[in-house]
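Peer 1: All chains should be built: construct the whole structure from the sequences, respecting the hints.
So the protein lines, in turn, are chains A and B.
Okay, so the first sequence: first residue is 1 according to UniProt numbering, each after it adds one.
Okay, so the second sequence: first residue is 1 according to UniProt numbering, each after it adds one.
So the derived label-pair ranges between C-beta atoms look like this: (1) B:Phe387 to A:Val467: 53 to 59 Å; (2) A:Arg35 to B:Lys470: 55 to 61 Å; (3) B:Pro352 to A:Gly266: 32 to 38 Å; (4) B:Glu308 to A:Arg367: 38 to 44 Å; (5) B:Leu112 to A:Arg35: 39 to 45 Å; (6) A:Glu308 to B:Arg101: 47 to 53 Å; (7) B:Gly140 to A:Glu308: 51 to 57 Å; (8) A:Glu28 to B:Pro396: 30 to 36 Å; (9) B:Arg399 to A:Glu28: 26 to 32 Å; (10) B:Ala97 to A:Ala407: 26 to 32 Å; (11) A:Lys491 to B:Asp471: 36 to 42 Å; (12) B:Gln434 to A:Gln58: 38 to 44 Å; (13) B:Thr120 to A:Glu28: 58 to 64 Å; (14) B:Thr565 to A:Phe496: 55 to 61 Å.
Read the hints as simulated data drawn from the structure, not as lab findings.
Cβ atoms here follow ideal geometry from the backbone N, Cα and C, with glycine treated the same way.
Protein chains: 2
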Amino acid sequence: MTSDTPLWIYDTTLRDGSQREGLSLSLEDKLRIARQLDRLGVPFIEGGWPGANPKDVQFFWQLQEEPLTQAELVAFCSTRRPGMAATDDPMLQPILAAGTRWVTIFGKSWDLHVTEGLKTTLDENLAMIQDTIQYLRANGRRVIYDAEHWFDGYKQNPAYALETLRVAIAAGAEWLVFCDTNGGTLPHEIAQIVQEVIQVFDSSAEVEADGRRQTADGESAEKVEKAQLSTPQFPLLTPHSPRFGIHTHNDSDTAVANALAAVMQGVRMVQGTINGYGERCGNANLCSLIPNLQAKLGFSCIAADQLEQLTETSRFVSEVVNLAPDDHAPFVGLSAFAHKGGIHVSAVERNPLTYEHIRPEQIGNRRRIVISDQAGLSNILAKARSFGIELNKQDPTCREILQRLKALESEGYQFEAAEASFELLMREALGQRQNAFEVKGFQVHYSLLSETDRDRATSLATVKLAVDGKDILEAAEGNGPVSALDAALRKALISFYPEIGTFYLTDYKVRILDGTAGTSAKTRVLIESSNGHQRWTTVGVSGNILEASYLAVVEGLEYGLLLQTQAKAALAASATAK
Amino acid sequence: MTSDTPLWIYDTTLRDGSQREGLSLSLEDKLRIARQLDRLGVPFIEGGWPGANPKDVQFFWQLQEEPLTQAELVAFCSTRRPGMAATDDPMLQPILAAGTRWVTIFGKSWDLHVTEGLKTTLDENLAMIQDTIQYLRANGRRVIYDAEHWFDGYKQNPAYALETLRVAIAAGAEWLVFCDTNGGTLPHEIAQIVQEVIQVFDSSAEVEADGRRQTADGESAEKVEKAQLSTPQFPLLTPHSPRFGIHTHNDSDTAVANALAAVMQGVRMVQGTINGYGERCGNANLCSLIPNLQAKLGFSCIAADQLEQLTETSRFVSEVVNLAPDDHAPFVGLSAFAHKGGIHVSAVERNPLTYEHIRPEQIGNRRRIVISDQAGLSNILAKARSFGIELNKQDPTCREILQRLKALESEGYQFEAAEASFELLMREALGQRQNAFEVKGFQVHYSLLSETDRDRATSLATVKLAVDGKDILEAAEGNGPVSALDAALRKALISFYPEIGTFYLTDYKVRILDGTAGTSAKTRVLIESSNGHQRWTTVGVSGNILEASYLAVVEGLEYGLLLQTQAKAALAASATAK
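Peer 2: What follows is the structure, encoded as structure tokens:
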């Protein structure tokens with residue numbers, strides 16, 4: 001295959017992805033994700049099932065007002081109900097009202113699901129597929145047909161399963177998508193079944209090459225096609241040359257490999273979700289599939305500069321759906337190119353090829369040298385270098401930092417995600433830590449005086465600080481104890497360091513370190529702060545959640561001040577140079 | 001293949017798994033995990049690299065004192081250093097001192113790593129492989145040879161890569177393991193390369209079938225073998241019939257599929273880790289591989305009753321390493337057999353085959369009906385049934401519960417992991433909630449008066465309760481505000497409900513719901529409680545972490561009392577029946 005072979009990515013984060021347990025999307029969330037996917041260059045975005053809930057109806061309306069720039073928005077729906085005409089099924093009206101050019105219809109391939117699930121006959125299921133697709137085609141829609149439970153159905157009753165596809169093609173579906181709905185199929189079975197099926201349709205396509213099928217109301221399929229908008233990147237397909245797609249789930253931990261196996265057999269559409277979100281164990285992860293297909297197998301999915309947005313897209317979506325990103329996710333995870341063993345670190349710095357399967361920059365990720373209790377001196381040196389601190393391996397400070405690091409880690413500290421705290425620790429060992437202020441003590445008070453009067457509950461924090469030998473006592477209220485504490489500290493410091501007015505807390509994470517000792521266990525708090533254009537993370541550990549929070553908040557303020565000092569120094573240096 | 005074809009599972013959680021960023025294991029952790037793996041029936045357990053750190057040395061000593069019951073413990077080490085005899089390399093002494101029957105030696109297959117990484121010659125690398133294996137064989141050890149960077153090496157320089165394996169076989173290695181160290185290889189490449197390599201050795205094995213190779217010091221390989229213990233489940237292999245293994249990483253999101261692809265080509269050892277822990281994106285996940293190999297492909301890996309311990313093992317290991325379990329993990333995740341769509345739920349209750357790729361009980365997992373904002377009435381009914389509450393679909397209470405549920409979820413509540421809170425909500429709607437006590441208010445005070453006197457910091461909680469119309473005021477101290485609050489509540493209630501003395505908090509999880517608004521965002525707290533033989537989880541949501549904790553703690557106590565009441569009622573009923 002050449003590097004130009006096109007492969008269509010079909011994103012279903014907004015529909016199948018939202019089936020993930022613990023994930024729920026507001027209308028605004030859905031719109032933000034759709035626009036990000038559009039920027040990423042995904043050609044098909046399945047937006048939802050209009051009519052299933054008011055949110056999905058509104059979503060499609062909003063995108064009629066302000067359409068996406070590149071992607072085709074797709075509405076999703078099942079075949080019509082048994083025993084009624086498609087025109088009479090009220091379910092299909094919101095699909096047309098959604099105003100998309102493309103509609104994905106899912107239907108049953110597995111005889112058991114027809115008789116047990118739908119409680120209808122095998123013939124009626126075929127009629128449902130046919131009528132629904134013909135109805136949509138007659139109304140100017142282009143149709144993708146999702147063959148639900150394809151692999152299980154084909155294994156049980158291949159003749160019937162194939163018949164459902166034949167009906168879908170004859171009715172005018174342009175893409176036929178093999179769905180491994182239960183996620184139980186393994187890659188070698190996917191490869192074998194897809195190969196067999198594509199062979200069946202390749203030969204039947206020849207037989208029908210001159211045929212012209214009719215739509216439900218007698219119009220020729222060709223006429224219907226001309227009636228609709230055709231975009232240059234999606235030339236219309238003739239009804240007798242269907243293309244195939246694949247839709248996999250991760251129940252066997254092989255969703256990505258299953259999709260790849262189908263592509264190797266000639267499938268040209270891959271359905272999946274950002275971060276692999278989806279019901280049960282998730283859908284095939286597009287953040288893994290896109291780089292595998294494009295950077296490794298040479299297919300053309302999205303532009304090279306769009307591929308560089310993949311990591312950002314993954315993190316953006318996890319932010320919007322409010323799920324912690326998987327740091328260990330292939331390609332886009334924070335740890336995907338992290339090196340911690342001492343040997344690895346020196347080797348990877350000499351020649352990245354030796355320990356990296358792909359250039360992280362290609363997908364917008366980056367290499368990281370990790371600080372951990374397995375850290376050797378070479379890691380400490382590499383890390384210091386990344387902070388702009390030149391250390392010498394012979395310098396006893398190096399060994400001191402390593403020992404301090406190990407001592408803190410045994411207390412429960414982890415610096416892997418708290419690089420700002422690690423830099424402060426390093427500067428302290430080197431005698432380079434600024435002591436912008438000293439905290440002498442603090443108190444936090446929370447009072448809920450009546451269960452019926454929760455809105456009047458208050459959190460109050462009092463802090464005692466010293467700056468330049470001068471004591472300051474300040475108090476502030478907040479929505480919670482930590483924001484009260486942060487407010488009191490900033491109130492006390494702002495007259496000395498006005499830049500503190502630009503700092504704010506952007507994230508707050510709490511981890512209980514000993515899961516078996518309940519709330520008296522150690523608590524690790526990570527706090528992310530920002531000054532509007534930089535972000536940094538600090539860590540605090542204590543048996544008490546308030547003290548752990550206090551430690552992280554204080555270091556967060558200190559590190560922000562350090563960044564300001566560095567910025568000023570850099571500015572002064574450049575002014576002098578002029 | 002028959003259902004009796006044996007396949008050897010090789011666990012490296014304790015060595016390669018511990019390379020995962022954020023994971024560190026104490027000696028006690030390692031011992032607990034090793035014993036659990038032994039119970040699971042994994043035949044090979046790689047314990048670590050004795051000599052790399054004092055912990056690993058001690059680990060092997062401890063297991064010499066109290067050996068595992070079934071599994072072979074394996075020590076891991078690299079080939080000797082360049083330019084010295086194996087007998088002179090101090091690195092190999094702790095390996096012998098570890099006292100295992102089996103040793104895994106890893107060596108370089110990729111010429112680039114020899115010249116760039118080791119900075120030695122290609123010939124010296126071959127000598128290093130040979131000497132190290134011969135030395136261990138001469139000292140009575142059986143050897144597994146891990147061919148590091150096998151696939152990348154073979155692609156670059158197949159002749160040299162094959163030569164490293166020939167040397168390892170001739171020196172007496174019984175297993176040769178193809179390692180995809182960088183994790184960049186895709187399943188079809190794995191299949192092709194493994195097939196080619198096995199063919200090379202199948203034909204060369206015939207040529208050498210009568211040959212007898214010598215160990216370094218002239219002893220026959222056969223004599224060396226007789227000198228060691230042979231266990232019935234691991235018959236000794238002759239040196240000229242090597243067996244092959246596979247070791248994959250998940251950087252391309254295909255680690256499990258890669259291992260399966262190698263097995264389909266004749267490999268009979270699979271290396272991986274529990275929960276897929278490992279450096280960067282992790283190793284091949286044994287919790288997915290074992291059920292795929294055994295329940296789907298018919299290999300014999302572990303006994304059927306051991307397979308039923310797989311889910312428990314996965315969760316045990318995540319507890320010990322103190323990482324939140326992945327709820328969406330294939331096979332063993334909490335959501336792996338969770339059903340939330342209304343259609344799915346009714347269908348799966350009629351015929352599990354329609355929506356489940358494997359029986360969850362087979363791997364010790366279970367089906368779950370999920371409560372969520374997509375919940376329909378049929379989910380509510382199924383859930384109620386699981387709590388022993390019979391609801392009627394026509395009952396308006398059903399719709400009331402659904403509405404209350406949606407309202408709470410829009411406030412940030414989630415009941416998916418807090419079934420106790422959901423049951424209380426349901427009982428409240430049905431008028432079946434016991435009001436064992438009423439909280440009238442509480443205060444929490446934390447004071448750290450001097451930075452140098454942290455040990456004297458105190459958390460104090462005061463609560464005001466009403467039980468049977470009687471007001472109670474109590475105060476208690478704790479390590480943190482939540483434990484102080486819990487202590488005060490229990491102190492206030494224990495004279496009314498003595499069983500509260502057996503309750504304790506077992507886990508405490510905090511999630512900030514809006515990651516962009518810092519500490520003033522909403523906080524969701526999950527609290528797990530226990531009475532010694534049952535566990536339950538409750539949830540609280542508030543803008544204030546203390547209030548959210550308070551809500552969850554109070555419901556935790558209330559639910560514990562409900563369980564006691566139910567247990568007493570059941571006991572009384574059975575007494576009456578007698």
